[in-house]
Each structure stands twice: as C-alpha cells, then as structure tokens.
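Chains as they are written, first to last, in the numbering used here: chain P, 1 to 467; chain Y, 1 to 182.
Accuracy of the hints is not assured; some may be wrong.
Output of the computed footprint for chain P on chain Y, the stretches with three or more beta carbons under 8 Å from beta carbons of chain P [stated by the list, open to error]:
no., stretch
1, 53-61
2, 67-78
3, 120-132
4, 154-165
Calculated pairs, EDC-like style, for lysine to aspartate or glutamate (alpha carbon to alpha carbon, straight line, at most 20 Å) [unchecked claim]:
no., chain 1, residue 1, chain 2, residue 2
5, P, LYS199, Y, ASP136
6, P, LYS194, P, ASP23
7, Y, LYS157, Y, GLU33
8, P, LYS285, P, GLU30
9, P, LYS282, P, GLU296
10, P, LYS285, P, GLU450
11, P, LYS104, P, GLU287
12, P, LYS198, Y, ASP141
13, P, LYS293, P, GLU450
14, Y, LYS32, Y, GLU149
15, P, LYS194, Y, GLU33
16, Y, LYS88, P, ASP243
17, Y, LYS156, Y, GLU169
18, P, LYS454, P, GLU287
19, Y, LYS23, Y, ASP44
20, P, LYS194, P, ASP24
21, P, LYS361, P, GLU296
22, P, LYS198, Y, ASP136
23, P, LYS199, Y, ASP141
24, P, LYS198, P, GLU30
25, P, LYS454, P, GLU4
26, P, LYS454, Y, ASP13
27, P, LYS194, Y, ASP136
28, Y, LYS22, Y, GLU159
29, Y, LYS4, Y, ASP141
30, P, LYS104, P, GLU6
31, Y, LYS133, P, GLU219
If you're looking for bench data, these hints aren't it; they were derived computationally from the structure.
Positions of the beta carbon are idealized from the N, C-alpha and C atoms, including for glycine.
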Amino acid sequence: MHAESEIREPLILGTKTYRQITDDIIAPIEGKASKGWYVLLTIFSLTFLWGLGCLSYTIGVGIGAWGSNNSADWAWDITNFVWWIGIGHAGTLISAVLLLFRQKWRMGINRSAEAMTIFAVMCAAIFVMLHTGRPWLDYMLFPLPNQFGSLWPNFNSPLLWDVFAVSTYFTVSLVFWYIGLIPDFGMIRDRVIKPWQKKMYSFLSFGWGGSARHWSRFEETSLVLAGLSTPLVFSVHSIVSMDFATSILPGWHTTIFPPYFVSGAVFSGFAMVLTLMLVVRKIYKLESYITIKHIEYMNIVIIVTGSIVGVAYLTELFMAWYSGVEWEQYAFLNRATGPLAWSYWCMMTCNVFSPQLFWIKKIRTSILATFILSIVVNIGMWFERFVIIVPTLLRTFLPSSWNTYTPSFIDIGIFIGTIGMFGTFFLLFSRFFPVIAQAELKTILKSSGEAQKKAAANHKHEGVSTH
Amino acid sequence: MATKQIIHGVFGDEVPMMEACKKLRASGIRIKEVFTPCPVHGLDGIIGVPRTRLAICAFLYGLTGIGLATLMMWYMMIHDWPNDIGGKPTWAYYFAVPAFIPITFESTVFCAAHGMALTYLLRCMLVPGAKAKNPDPRSTDDKFVVYLELNDEQAKKAEAILKANSVEEVNYKGTIHIEPAY
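Next comes chain P alone, as it looks inside the complex (with noise of 0.2 Å):
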C-alpha cells in the first residue's frame, strides 16, 4: 500500500470503505430524482428547444437572420464556438494532464469535467457547422475526392487543421471518457435491481468483468490515451487560435495567440468545472468527495491560468507599442477606447483583476465565493472572444468598410440554445451516469482517506478496514 505524507489533506472526507464509496456513488442512479432536477431540466430542456428553433430558421432562411454585416463576418457565432472550446479543455486536461502528473486530486472530478467537455465541444461543433452558411454542404470540410470542382481542400489553412483538430479532439475525449465508465458501468449492472436497468448497465458495461489482466490493460491503455491527449489538448486550441494569427489583421496577426489562447481554454474551463461542481455536489451529496481542497485546488489552477492570460493581454498591448506598426497600435487602442470599450473593460475586470481574488484563502476555500467568481470568468473568457473578434473587425485598413455590430435575437436564441443543450446533456448524465469515478476513487481510498490517514498517523499499522 502506498502511503501518503499526514500534512497533505485527505482527500475522501469521513470513514468511507469501499462499499460506502460504491452506495454514494449509484445514489442517484438507484434513487427517485429531486424535484429540484426535474425542474432544471424542464428549464434547460425548454430553451434548448428555442434554441432549435432559432436554428431552424438560420437554416430555413440563411444566414441573413444573423446580425453579422460585411465587416464583422465573423461576429456571435464565432465567438461561441471559441469559448465552447475553451471550456472543453478542462476536461481532458483534468484526466490527461493531471494522470501524467499523478494527482490523485483529480479522481473527484475527471468523470464530470470529461462530460462537460463532450457536451462543450458539441455545442461548439453547432456554431462552426453553421456558420459555413449551407450547413448541409459541410461534408466538403473533409478531403473527399470532390466533382464540385476539381480542387482539393487547402492543406496550408489553419480552418481545415481545425477540421482535423476538433473532430480529433471530440472522438478522442469521447472514447478516454468511455474507456473510463466502462468499469463502473459494470458495477451499476452488478448493483441495480430494476430489469430495464439491468439491462441498459450490461449493454453499456460491454461485461466488463474486473480481472487483473483486464485491469492491467486497462491501465496501460489510460496512461497511453492521457499521454497522447495532453498534447492534443494544447494543439486544438493552438490550432484555433491560428484561425485568427496567421491572419493579417492587426489584432489578430499576434505569434503569442497560441499559448494565450490555451491558457484562456484551461482558464474558462475549470471556471466552468467548478460552477457545475459546485451545483454536483450539493444535489448529489457529495461532498465527502469532492471537498474543500478539491475546489481550493481548482481555484489555484485559476489564478495560474488568470494570471498568464492577464500577462498576455498586457504583453499584447507593450508589443502594440513596442513593435512601432501603427495599424497594431490603433488595434488595441480601439479596442480599450472605442465604441465597444465596454466589452474590453468587461474582459479585463472578469478576467485580470476578479480572480485576483482567489489569493486570499478565505475566498478560494469559500463555496459561495467561488461560485460567483466561476461565472464572472466564464464572463469574462466569453467577452475575451468578443473583444479579439468584432471590433477588430469593425475597424480595419478601410475605413469606408467600418461598421457597427448588433447581434440580432436569432444568434442570442442560439447561443441560449446551446447553454440548454449543455444543461440538458449534463443532467442527463448526472442522472444516469456514474458522476465520479469510482473505481479509480477506490485505489485511493487507503493512502488519501480521512479515517484510514488518522489511522495510519496514529501507528496502527494494521490500518483501518475497508469494508
């Protein structure tokens, strides 16, 4: 058994053993939802159906129904697109980065925060497949031998990587995340009573039995999968970000894009992992799991990844000035005066100076805290993308082009759409999957265990028993 320094904080509150593990955790599967959830879901199902709506009638009339204009042709949709993707990047970094580094911190979390992206990524994929204008036409994204005309798909565009990029990103996440169920899965199905549970659990358990050679390439494939989505995590939003750098736009055309772009996608997403955690683990009881340390853990990641995005905005305005390229300096110069200023402080105060906040300890151990504070990021990380995209393209080399920007109630529509969508998804899951992982939670459970680390501190070398 591997045993832990009495100075780190347990990471399972209480006396739990492995059963108690496994009774919390099919909980809410076993149990009758709360009220509280159907009327979530009634909430989140209803505007994701407005949000079909609107959908529906960007693609019954076309476009036109957008606010966008001949300037900022990119403007809402685009928008929405990176920050869904930003928020889909905790997840993966959760389950990837953090198993590389082995932080047993991360079992709490990674079941959930693998979801969130799924659904994340999903609602992204809405934005980008429509804002191709015919959606029905997007299979030419891909290099299919084409007789539309006699060109292939242009290799040096940093739009087609994105192709590439996020379909690899989305299929990838999606079977690490599934890889991970399976074996609890296959506990809900040796657990449930109810025969149409039975049965849907051992069609999804795909009989998972447990055998330690099972376990062993379970293992391996774990360790391979995070060790080859660490680095695609940091690629799609490098690639993304090169939607807008390799442009030549002032503004835009920045070589400090990706890695600022990536920390503002770790940033967003564990903002967004704590505000559905928060909510988690209060409905679901969890809180022995998913503690204090657990959040204060978080908040940390967000102050990191707060302060690197605040450095680059600053380090974009000094190379503005810096570099001498008049163009460039009236970019940003717009962007912190001009019409849409509002938006540039916006940014600035959610992202640079609120998480500022979590240095101070009572606040970044504070639930109530950290809740507002989560959405405020996710705030700010949304007018972040605004900020780089429309007034930058309000305002380039021709003036006589220069225009203003309104979204219209169609784009609102969608984007409440997908906050519905990604709402339902996620209620769903919580409901009727296992919301942590509870399999990997059991290997810690000796060395990270409130009761069994007071047991080892006080030199009871048999330890405490598990069951």
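Using the hints provided, position chain Y relative to the given structure of chain P.
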C-alpha cells in the same frame, strides 16, 4: 477426463488477498484469475500476468497515422494538384511541409488513440452485449475474488492457505471437466 473444482476465494481487502496469492503461487497452485473492484498495483507480478503489449500497438497505429496523413497531403497538394496559395507554393513536399505538420500530428493522435482503444476493447472482449465476465457480482463493489480451478488434492491445500489468510468465504462453484490433450 480430468475433473476440476471451481473455487472462489472472496476477500474484503486487497492486502490479505495479495498475501494469499503469494502463498498459493509459492505452493505451486496456478491462480486462474483475480477479480477486483479497482486496479490493485503489484498484483500482476504476484499472479503472473505478463506486461501488456498494448502500448506497442499504439505506437504502430501512431506510425500508421503519420504515414496516412503524409500520403494524403502529398497526393492532394503536391502530386494531384500543385498550387500556389498566397505565395506559398506546393511544388515539392519538403518545401510545403511546415503547413502539413498540424494535420500530421492530429492524424497520428487520432489513429494511435482509436486504434489502441479498439484493440483494448477487442483484446478484453469488451463489446456491446457481452456477458458479464465476473463470476461473483460483488467483485465490482467491494469484494476481491480469487478464482481457482483445481483438482481435489490441490483444492484442499488451497482452501487451507486461503483460510490462513483471513479469507471471508471459500465458495465451491461446481466442477468442470477438462478433456486431456492428446
């Protein structure tokens, strides 16, 4: 025709289970399989599970991914329809290769990850609709089940070893007939 007893040694904790496995192996008893609710580190060495070669497969799938992407982009951009897009001509592969790196990387990851995942699932016969492979359903919850197939003489020896190592239950689950190999 040899007859063997099927024995389940059910433990409530991995530490005595591993101790028992060590002693069983020391006395020359073959441990057919161990079913556990979570991965138990160090168990593979004790019961003699060889290290899996899945990672080698992943590496080979990754190489396949590099090869496929290179071939695809060489064919489309260099061979079939060379072009000069934005002053970036694609007359030769080595000349245009920097722009091909991102997709080559993505394709490597795509093939390695999916190839490995599929190999893992098929190697373990984890497919939709497969029957549960654990003989005792409690082994996905909190029990560690040592699964043995032994003749009568070995069975007695094994039971004694299991009982000496705080086993919770020793269950005899019937017999199987094994045709001798001619």
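So, going through the hints one by one against the coordinates:
no.: 1; hint: 53-61; verdict: holds (count 3)
no.: 2; hint: 67-78; verdict: holds (count 4)
no.: 3; hint: 120-132; verdict: holds (count 12)
no.: 4; hint: 154-165; verdict: violated (count 0)
no.: 5; hint: LYS199(P) - ASP136(Y); verdict: holds, 18 Å
no.: 6; hint: LYS194(P) - ASP23(P); verdict: holds, 16 Å
no.: 7; hint: LYS157(Y) - GLU33(Y); verdict: holds, 18 Å
no.: 8; hint: LYS285(P) - GLU30(P); verdict: holds, 14 Å
no.: 9; hint: LYS282(P) - GLU296(P); verdict: holds, 17 Å
no.: 10; hint: LYS285(P) - GLU450(P); verdict: holds, 17 Å
no.: 11; hint: LYS104(P) - GLU287(P); verdict: holds, 16 Å
no.: 12; hint: LYS198(P) - ASP141(Y); verdict: holds, 15 Å
no.: 13; hint: LYS293(P) - GLU450(P); verdict: holds, 12 Å
no.: 14; hint: LYS32(Y) - GLU149(Y); verdict: holds, 7 Å
no.: 15; hint: LYS194(P) - GLU33(Y); verdict: violated, 30 Å
no.: 16; hint: LYS88(Y) - ASP243(P); verdict: holds, 17 Å
no.: 17; hint: LYS156(Y) - GLU169(Y); verdict: holds, 14 Å
no.: 18; hint: LYS454(P) - GLU287(P); verdict: holds, 19 Å
no.: 19; hint: LYS23(Y) - ASP44(Y); verdict: holds, 15 Å
no.: 20; hint: LYS194(P) - ASP24(P); verdict: holds, 18 Å
no.: 21; hint: LYS361(P) - GLU296(P); verdict: holds, 8 Å
no.: 22; hint: LYS198(P) - ASP136(Y); verdict: holds, 16 Å
no.: 23; hint: LYS199(P) - ASP141(Y); verdict: holds, 18 Å
no.: 24; hint: LYS198(P) - GLU30(P); verdict: holds, 11 Å
no.: 25; hint: LYS454(P) - GLU4(P); verdict: holds, 11 Å
no.: 26; hint: LYS454(P) - ASP13(Y); verdict: holds, 18 Å
no.: 27; hint: LYS194(P) - ASP136(Y); verdict: holds, 19 Å
no.: 28; hint: LYS22(Y) - GLU159(Y); verdict: holds, 14 Å
no.: 29; hint: LYS4(Y) - ASP141(Y); verdict: violated, 28 Å
no.: 30; hint: LYS104(P) - GLU6(P); verdict: holds, 15 Å
no.: 31; hint: LYS133(Y) - GLU219(P); verdict: holds, 18 Å
Going down the numbered hints, you'll see the structure goes against 4, 15 and 29, while the others check out.
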